[in-house]
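J.: What follows is the residue order along each chain.
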Amino acid sequence: MIIVTTAGISADALDRIIEHVEAAGLRTHVSRGAQRTIVGCIGEDGLLSEHGLTQLEGVERVMPVLKPYKLASREFSLGDTAIRLGDPADTTIGGRDVIVMAGPCSVEGRDMMFDTARAVQQSGARLLRGGAFKPRSSPYAFQGMGEEGLRIMADVRAETGMPIVTEVMDPRQVELVASYADVMQIGARNMQNFSLLSEVGKVQRPVLLKRGLSGTITELLMAAEYVMAQGNGDVMLCERGIRTYETATRNTMDVAAIPVLKRETHLPVIVDPSHAGGRAHLVTPLALAAVAAGADGLIVEVHPDPKCAKSDGEQSLTPTAFAQMMGQVQAVARAVGRDCAVGSWRDEVMA
Amino acid sequence: MSPADLMQLTALREEIELLDATLVDTIARRMTLAKEIRVVKQRAGQPVLDPAREAAVVARASARARVAGLPEDEIRALYWKLMALARRVQVES
Numbered sequence: 000m001i002i003v004t005t006a007g008i009s010a011d012a013l014d015r016i017i018e019h020v021e022a023a024g025l026r027t028h029v030s031r032g033a034q035r036t037i038v039g040c041i042g043e044d045g046l047l048s049e050h051g052l053t054q055l056e057g058v059e060r061v062m063p064v065l066k067p068y069k070l071a072s073r074e075f076s077l078g079d080t081a082i083r084l085g086d087p088a089d090t091t092i093g094g095r096d097v098i099v100m101a102g103p104c105s106v107e108g109r110d111m112m113f114d115t116a117r118a119v120q121q122s123g124a125r126l127l128r129g130g131a132f133k134p135r136s137s138p139y140a141f142q143g144m145g146e147e148g149l150r151i152m153a154d155v156r157a158e159t160g161m162p163i164v165t166e167v168m169d170p171r172q173v174e175l176v177a178s179y180a181d182v183m184q185i186g187a188r189n190m191q192n193f194s195l196l197s198e199v200g201k202v203q204r205p206v207l208l209k210r211g212l213s214g215t216i217t218e219l220l221m222a223a224e225y226v227m228a229q230g231n232g233d234v235m236l237c238e239r240g241i242r243t244y245e246t247a248t249r250n251t252m253d254v255a256a257i258p259v260l261k262r263e264t265h266l267p268v269i270v271d272p273s274h275a276g277g278r279a280h281l282v283t284p285l286a287l288a289a290v291a292a293g294a295d296g297l298i299v300e301v302h303p304d305p306k307c308a309k310s311d312g313e314q315s316l317t318p319t320a321f322a323q324m325m326g327q328v329q330a331v332a333r334a335v336g337r338d339c340a341v342g343s344w345r346d347e348v349m350a
Numbered sequence: 000m001s002p003a004d005l006m007q008l009t010a011l012r013e014e015i016e017l018l019d020a021t022l023v024d025t026i027a028r029r030m031t032l033a034k035e036i037r038v039v040k041q042r043a044g045q046p047v048l049d050p051a052r053e054a055a056v057v058a059r060a061s062a063r064a065r066v067a068g069l070p071e072d073e074i075r076a077l078y079w080k081l082m083a084l085a086r087r088v089q090v091e092s
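Protein sequence lines correspond, in order, to chains A and B.
Letter 237 of the first sequence, counting from 1, is numbered 236 in numbering that gives the first Met the number 0, and no numbers are missing.
Letter 40 of the second sequence, counting from 1, is numbered 39 in numbering that gives the first Met the number 0, and no numbers are missing.
Bear in mind the hints are in silico, worked out from the structure with no lab data behind them.
Computed from a predicted model, the values in this text were never measured in an experiment.
Here are the simulated lysine to any residue pairs, SDA-like style, with alpha carbons at most 20 Å apart:
{"hint": "1", "chain 1": "A", "residue 1": "K261", "chain 2": "A", "residue 2": "A288"}
{"hint": "2", "chain 1": "A", "residue 1": "K201", "chain 2": "B", "residue 2": "V23"}
{"hint": "3", "chain 1": "A", "residue 1": "K201", "chain 2": "B", "residue 2": "L84"}
{"hint": "4", "chain 1": "A", "residue 1": "K201", "chain 2": "A", "residue 2": "R83"}
{"hint": "5", "chain 1": "A", "residue 1": "K201", "chain 2": "B", "residue 2": "K80"}
{"hint": "6", "chain 1": "A", "residue 1": "K201", "chain 2": "B", "residue 2": "W79"}
{"hint": "7", "chain 1": "B", "residue 1": "K80", "chain 2": "A", "residue 2": "G42"}
{"hint": "8", "chain 1": "B", "residue 1": "K80", "chain 2": "B", "residue 2": "A62"}
{"hint": "9", "chain 1": "B", "residue 1": "K80", "chain 2": "A", "residue 2": "Q229"}
{"hint": "10", "chain 1": "A", "residue 1": "K306", "chain 2": "A", "residue 2": "R249"}
{"hint": "11", "chain 1": "B", "residue 1": "K80", "chain 2": "A", "residue 2": "A228"}
{"hint": "12", "chain 1": "A", "residue 1": "K201", "chain 2": "B", "residue 2": "P70"}
{"hint": "13", "chain 1": "A", "residue 1": "K201", "chain 2": "B", "residue 2": "E73"}
{"hint": "14", "chain 1": "A", "residue 1": "K201", "chain 2": "A", "residue 2": "T80"}
{"hint": "15", "chain 1": "A", "residue 1": "K201", "chain 2": "B", "residue 2": "L81"}
{"hint": "16", "chain 1": "B", "residue 1": "K34", "chain 2": "B", "residue 2": "S92"}
Below, a sample of chain B positions facing chain A; criterion: calculated Cβ distance under 7 Å:
{"hint": "17", "residue": "A51"}
{"hint": "18", "residue": "A54"}
{"hint": "19", "residue": "A58"}
{"hint": "20", "residue": "A76"}
For glycine and all other residues, C-beta sits at the position ideal for the given N, C-alpha and C.
Same shape as in the complex, but just chain B (with noise of 0.2 Å):
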């Protein structure tokens, strides 16, 4: 590999560094607001689990996948985690 690769490719891999970071912030701050959900799902007396609400919301990232040429599939199973992980944090909280 040239020096040139070498520094684009290290310039790149901090790049990609800084988005994960943004990017389990993000999921972080997501689940504090699922937590937050929970809290006035049992004052309300409703279960943690709203399967058309998840369903609408990975219908919803999977369109915008689309939109944005990513492999609708992979997100949508993306998102079914994020879900799961919800889920967990909310029964857990």
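Extracted from the complex, chain A is given alone in its bound form (with noise of 0.2 Å):
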């Protein structure tokens, strides 16, 4: 149930709505826009009586939500989350602008992680990204270097003040991960890890939440919802391709779900072209096709070396190649009213 408030509510006559929602064993979300605010009602709807509600004072109208998530739907909040990284924070995911995370799939080593970083932030890119705990298909494949590649990760933001995000695999290794991590990843298989959603949303980190490979987009919201209903509000979520039957590529990239997603919920929509495609020549068409339909942000794989990756270096661009890529990327955000800076690197590469 969603509580619309009069315009310019004062701060005790809203006090007394939200207490008396809480008062009947509900909890309460506050969205305050420049005019009125809403309340959100989280909880058994029955437990509350309309009638009562209405007659208290600064309540325009009650609405119920239909939907089974309420934090993530887009009727809880007045306007976009937009969240806000780095030290000073600024990067924005959500904003105008649209972000791409960078790096390897896995920390491999410290020079490799330091050239990369280096290279990607040259070209634009504003987060790296890399696997420090691996969900691997195999468990004889490389599994990552664990603690190890967090440290790694760390002295590459000291040196380079790219903020980094990592995947976190297990609920006991949550606090782990956020002493080192910027955005902690809840990769596609753990979309439905219901122990680790819970976990992680217990930590105020932001958080960049998968779709699991045969998630339906409610799947996702309500995945995102586990997050957000322990206090974590700051989750961004991400189209990573799903399983179908076509196998030219690793998964099928659902473009509809980006502005499906930006219609249902009020979150940032990340893409991540390079396992929708699971080649890397298909990483740039897909990454355009993906900002072209409203994306926030990109993930993408980088490899200096992608012959020679631990995992994944089918899918894993060059830095030339990423070079190129974000100029296109910046062409087509310009195309649909956004923008996305490249850096002087990418200049000299095209050059």
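Two chains, each in its own frame: build the complex with the hints.
T.: Here's what the structure looks like:
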């Protein structure tokens, strides 16, 4: 249930509305706009008498929410969620600019991480990605460098100023990963690992939540709801391709999911063209399609020497290919009324 | 960082450490009182969960946060955590 207040409601009147709802055993989520404020009610609506609510000072109208997700739904928020990152916080995800996160699939060593970070940053990437804990389909494949990988990423952040995004796979690792990462990624295979979702919800770190291989859009939003219900509202949703009968691509990028999500939720939408396509030559076209369709950001795999990558080499871009992609991403972003900063290095590559 | 800045940073951090210790002691004292309330509630046959009371406590903290110039939403979230903690302590005691 959503309570829409009258314009210019006083703080005291708003307090009384919130207390009225919470005294009935429901929780509230307040979204303040320039004119109106809305109070989202979370819990059993039956506990509240709608009649009683409309009698309270400052209540303009009361509306039911029919969607299973509440906190994630657009109706619960008056504006888009913008997540600010960095120190100083100069990167906003969910704003006008398309934000690009780039880096290798796995942290493989100190030098390769520094080299990749500098290259992608010079081409305009704002965040550095890299996996320290890797969920691999085979138990015999490279499993990641663990905490040593996190330490390397933190060192790279100290040098470059790039916030880092890295995956957390296990509820027991949440505190450890949160002590290094700026953004905690929940991988596609863990989209419905509800204990992990709850655990990252308790830590006040932005979360990049990837859509499961067979996850519907509603299931993705319900997974976000799990994180948000614990008090962490900084969730980004990531479309990374879904499993279909098609084998020419690793997954099928669901472009339509982007406008659907933008309509359903106030949360930023990120697209991972690397996992969606699974082949390096598909990454740029898919990235451009994502930006054209309204994505707030991209997460792209870049490796200094993809042939020798310990994981996902076939879908990783070289730094040069990434620089070229960034120029095209900027052009498409501008064509749809947004922007994307590209760096000086890209100009040298393109010259 | 200059030596003067470093000294100031250390002094400020020490002050924060002292405050943190007081905060934890205060929370511990709050939980002890919650357990005592549990005993009284049990004697009176009342349930642990009292939504109206919790809502009033959170509303009071929120109003106080506003006066103190603190972000109300964050203080509310913090107080709901305290409510949950107190409830757990009461149930487990």
